[in-house]
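In order, the protein sequence lines correspond to chains L and F. Each step along the first sequence adds one to the number in this note's numbering, with nothing skipped, and position 13 is 31. Each step along the second sequence adds one to the number in this note's numbering, with nothing skipped, and position 247 is 265.
Just so you know, the hints here were simulated from the structure itself, not pulled from any lab data. Glycine included, every Cβ here is placed at the ideal spot set by N, Cα and C. Misleading hints may appear alongside valid ones.
As the list claims (entries may be wrong) - Partial list, computed: chain L residues near chain F (C-beta under 8 Å):
no., residue
1, 267
2, 269
3, 281
4, 284
5, 288
6, 294
7, 297
Said to hold, decoys possible - Beyond 12 Å from chain F on every Cβ pair, some chain L residues (computed):
no., residue
8, 83
9, 98
10, 100
11, 159
Stated by the list, open to error - Here are a few chain L residues that sit away from chain F, every Cβ distance over 10 Å (derived from the structure):
no., residue
12, 24
13, 30
14, 39
15, 43
16, 60
17, 102
18, 106
19, 107
20, 113
21, 200
22, 208
23, 223
24, 229
25, 311
26, 343
27, 344
2 protein chains.
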Amino acid sequence: MPVNRQIQLDNRPKGEAQASNFVLVSSETPALKDGEVLVRHHFLSLDPYMRGRMNDAKSYAQPQALGQTMGGGTVGEVVESHNPQFPLGTQVVGMGGWQEYGVVNATLPGALRAVDTRHVPLSAYLGAVGMPGVTAYYGLVHIIAPKAGDTLVVSAATGAVGSAFAALSKARACRTVGIAGGPEKCKYAVDELGFDACIDYKLFSDAASLSAAIAAACPKGIDGYFENVGGMVLNAVLPLVNPFGRIAVCGMIAGYNGVPIVLNQPALILMQRLKLEGFIVSEHMEVWPTALAELGGLVASGKLRARESIAQGLENAPEAFLGLLKGKNFGKQLVKLV
Amino acid sequence: MPVNRQIQLDNRPKGEAQASNFVLVSSETPALKDGEVLVRHHFLSLDPYMRGRMNDAKSYAQPQALGQTMGGGTVGEVVESHNPQFPLGTQVVGMGGWQEYGVVNATLPGALRAVDTRHVPLSAYLGAVGMPGVTAYYGLVHIIAPKAGDTLVVSAATGAVGSAFAALSKARACRTVGIAGGPEKCKYAVDELGFDACIDYKLFSDAASLSAAIAAACPKGIDGYFENVGGMVLNAVLPLVNPFGRIAVCGMIAGYNGVPIVLNQPALILMQRLKLEGFIVSEHMEVWPTALAELGGLVASGKLRARESIAQGLENAPEAFLGLLKGKNFGKQLVKLV
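Turn these sequences into a full structure, and let the hints steer you where they fit.
Pasting the structure below:
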């Protein structure tokens with residue numbers, strides 16, 4: 019049996035998350051039972067939602083248990099199998115967590131999915147053709163529901179969700195404006211991801227001046243907004259949203275560290291007859307097949323070329339995760355384990 | 019031709035609205051053209067939305083023009099007719115404004131509607147069986163969309179919208195909790211309007227203590243909230259809303275005076291996957307016939323006994339309106355003109 023290194027949650031953050039909240043442990047992988055497979059993880063996905071689970075607070079998911087391996091999406095290869103549906107060498111995506119190997123009961127529906135890497139690279143199943151991509155799809159198609167010519171805005175534009183959002187939005191003939199941090203990300207958004215414009219929020223110290231810059235890029239106002247961030251960016255966007263605008267609320271990263279970020283002008287919800295809707299993509303499994311088919315096509319055809327930030331080795335996962343929370347990543351944050 | 023007294027908007031409020039914003043003028047009613055009728059107004063409706071129109075600001079409706087008669091709903095009787103569809107003596111509801119008589123081109127669709135007062139009193143067509151009733155219906159049926167057993171909460175519970183909301187909510191077997199100002203209103207809400215409980219927000223000076231009181235009346239949490247008020251009440255309710263809760267945003271009266279009231283915890287929209295939707299009932303005319311049929315039935319059968327606050331005489335309309343903005347009314351605020 020190979021030795022399996024794992025990262026567990028050792029203690030909960032007080033305020034900002036710290037490397038000392040995590041601990042690296044090693045154990046033997048157990049013998050397989052009938053129906054189980056052993057997956058060697060090639061990539062681990064790091065995602066902002068994980069920060070919320072580190073708190074012991076009311077949220078959409080159970081808190082991450084202390085002394086247990088951190089949860090998270092993984093792609094890898096079956097290296098031992100007691101399940102004929104997943105023979106040795108099968109490439110799979112699952113929720114293996116922050117560890118080098120995972121033992122999975124592959125008879126459970128949805129526990130493991132075999133993927134085809136002929137046209138789509140394995141790591142993309144954690145990003146553009148995985149949970150982040152489907153997240154963009156759900157918010158765009160089922161909440162914003164745009165028509166051609168609408169102006170759509172997304173924050174964290176060069177992240178995994180924002181990248182997929184741009185490709186899906188352009189495929190629907192919408193003007194697509196991103197918000198990102200720094201000139202390099204904004205240039206990449208326009209040059210590589212297909213955004214019509216991208217605003218660097220780091221140039222602005224208050225919502226009003228950021229709002230003016232976004233307004234200049236949205237001469238017809240904003241019909242749909244995909245919120246990955248919250249805080250100042252949301253307060254800057256809200257006054258620009260047209261009547262009957264739709265706001266898909268997917269992330270509020272600005273508030274995860276325990277400092278609540280207020281919404282400055284909730285009366286706009288009434289005055290402009292807006293719809294705001296929060297969602298978690300794992301509660302809408304019915305859209306995944308349709309979404310993955312479109313996203314896979316966009317990646318295979320080169321229309322969605324999402325960037326990845328890749329940390330090397332499990333021991334570097336905590337630092338990469340803390341960087342993600344500060345916006346240091348550029349594109350989908352992964353940890354390469356092989 | 020009778021002399022027609024009118025109240026016009028003379029100047030716009032700076033901060034709180036004042037009686038000095040209005041001016042009373044008199045004029046002759048003009049001679050009727052073909053298709054027109056002269057309506058003697060029996061009742062004028064006063065509604066919170068009128069405050070928003072007094073500002074010259076971005077909102078869902080054109081601002082009320084200066085030097086023009088204030089707009090508003092009216093019921094009355096046709097006293098002169100050049101339109102065979104509306105003979106003398108017809109009782110009608112329309113948008114006659116703050117004046118004693120109105121000249122209406124009754125050939126325009128929707129300008130005037132004849133009403134039947136055999137089972138429903140004339141004034142009710144401005145309240146329970148009018149715009150406020152349909153407002154409650156739209157928010158309840160089309161945004162909150164409850165199932166039997168859900169817990170629903172409404173602010174301004176004894177107002178025209180809140181009263182209708184209670185009857186419609188109880189008809190759908192929902193636990194129905196009101197929020198109102200003062201012990202008299204709260205007693206009335208439970209004894210006469212059918213609320214299961216009603217919380218007096220005036221007993222609490224902050225959102226947290228108000229929230230605790232609402233929580234005690236909602237042991238299963240809140241599935242739907244109908245927002246008539248905004249401000250502290252919304253901040254008190256939001257943390258109690260269950261996953262997938264729906265919030266119909268109909269009023270933000272607390273912010274009309276120019277002081278923006280922030281939303282304290284927008285991250286709850288994501289964490290609890292909430293839907294907030296602002297609406298204006300006049301943009302959903304398709305629901306009016308169905309809504310009015312149900313509301314008329316509830317009034318005729320005595321299940322909806324909405325209270326009215328009636329000011330006497332057009333000259334008292336401004337003061338009654340300012341009182342409404344401060345919550346001094348008890349039930350639907352009307353001005354009796356005959």
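Evaluated hints:
Annotation: interface hint on residue 267 of chain L holds; nearest CB of chain F at approximately 5 Å, less than 8 Å. A hinted interface residue such as residue 269 of chain L counts as satisfied when its beta carbon comes closer than 8 Å to some beta carbon of chain F; here the least separation is about 7 Å, so the hint holds. With its C-beta approaching chain F no nearer than about 4 Å, residue 281 of chain L sits inside the 8 Å limit, and its interface hint holds. Annotation: residue 284 of chain L was flagged as interfacial toward chain F, and the flag holds, the nearest CB pair being 4 Å apart, inside 8 Å.
Annotation: residue 288 of chain L was flagged as interfacial toward chain F, and the flag holds, the nearest CB pair being 4 Å apart, inside 8 Å. With a least beta-carbon distance of about 5 Å to chain F, the hint placing residue 294 of chain L at the interface is held under the 8 Å criterion. Using the Cβ-Cβ criterion of 8 Å, the hint placing residue 297 of chain L at the interface with chain F is satisfied: the shortest such distance is roughly 6 Å. With 12 Å as the threshold on Cβ separation, the claim that residue 83 of chain L sits away from chain F holds: the shortest Cβ distance comes to roughly 19 Å.
Against chain F, the non-interface label of residue 98 of chain L holds: every CB pair exceeds 12 Å, the least being about 38 Å. The non-interface label for residue 100 of chain L is consistent with chain F: the shortest C-beta to C-beta separation is roughly 37 Å, beyond 12 Å. No Cβ of chain F approaches the Cβ of residue 159 of chain L within 12 Å, the least distance being about 16 Å, so the stated non-interface status holds. At roughly 28 Å from the closest C-beta of chain F, the C-beta of residue 24 of chain L stays outside 10 Å, upholding its exclusion from the interface.
The Cβ of residue 30 of chain L lies farther than 10 Å from every Cβ of chain F, with a closest approach of about 17 Å, so its non-interface assignment holds. With 10 Å as the threshold on Cβ separation, the claim that residue 39 of chain L sits away from chain F holds: the shortest Cβ distance comes to roughly 20 Å. Listed as outside the interface, residue 43 of chain L is consistent with that label: its C-beta sits roughly 30 Å from the nearest C-beta of chain F, beyond the 10 Å cut-off. With a cut of 10 Å on Cβ distances, residue 60 of chain L stays outside the contact zone with chain F, its closest approach being about 30 Å.
Chain F leaves residue 102 of chain L outside its interface by the beta-carbon criterion, the shortest separation being 38 Å against a cut-off of 10 Å. Residue-level check passed: residue 106 of chain L sits 40 Å from the nearest beta carbon of chain F, beyond 10 Å. Listed as outside the interface, residue 107 of chain L is consistent with that label: its C-beta sits roughly 39 Å from the nearest C-beta of chain F, beyond the 10 Å cut-off. Distance check for residue 113 of chain L against chain F: the nearest CB is about 20 Å away, which clears 10 Å, and the non-interface claim stands.
With 10 Å as the threshold on Cβ separation, the claim that residue 200 of chain L sits away from chain F holds: the shortest Cβ distance comes to roughly 25 Å. No Cβ of chain F approaches the Cβ of residue 208 of chain L within 10 Å, the least distance being about 28 Å, so the stated non-interface status holds. Here residue 223 of chain L stays apart from chain F, with its beta-carbon at least about 19 Å from theirs, past the 10 Å limit. With a least CB separation of 13 Å from chain F, residue 229 of chain L remains clear of the 10 Å interface cut-off, as annotated.
In this structure residue 311 of chain L is separated from chain F by more than 10 Å, as the shortest Cβ-Cβ distance comes to about 25 Å. With a minimum CB-CB distance of about 15 Å to chain F, residue 343 of chain L clears the 10 Å threshold, and the non-interface call stands. With a closest Cβ-Cβ approach of about 18 Å to chain F, residue 344 of chain L is found to remain outside the 10 Å limit, as its non-interface label requires.
This entry satisfies every hint, going by the numbered hints stated previously.
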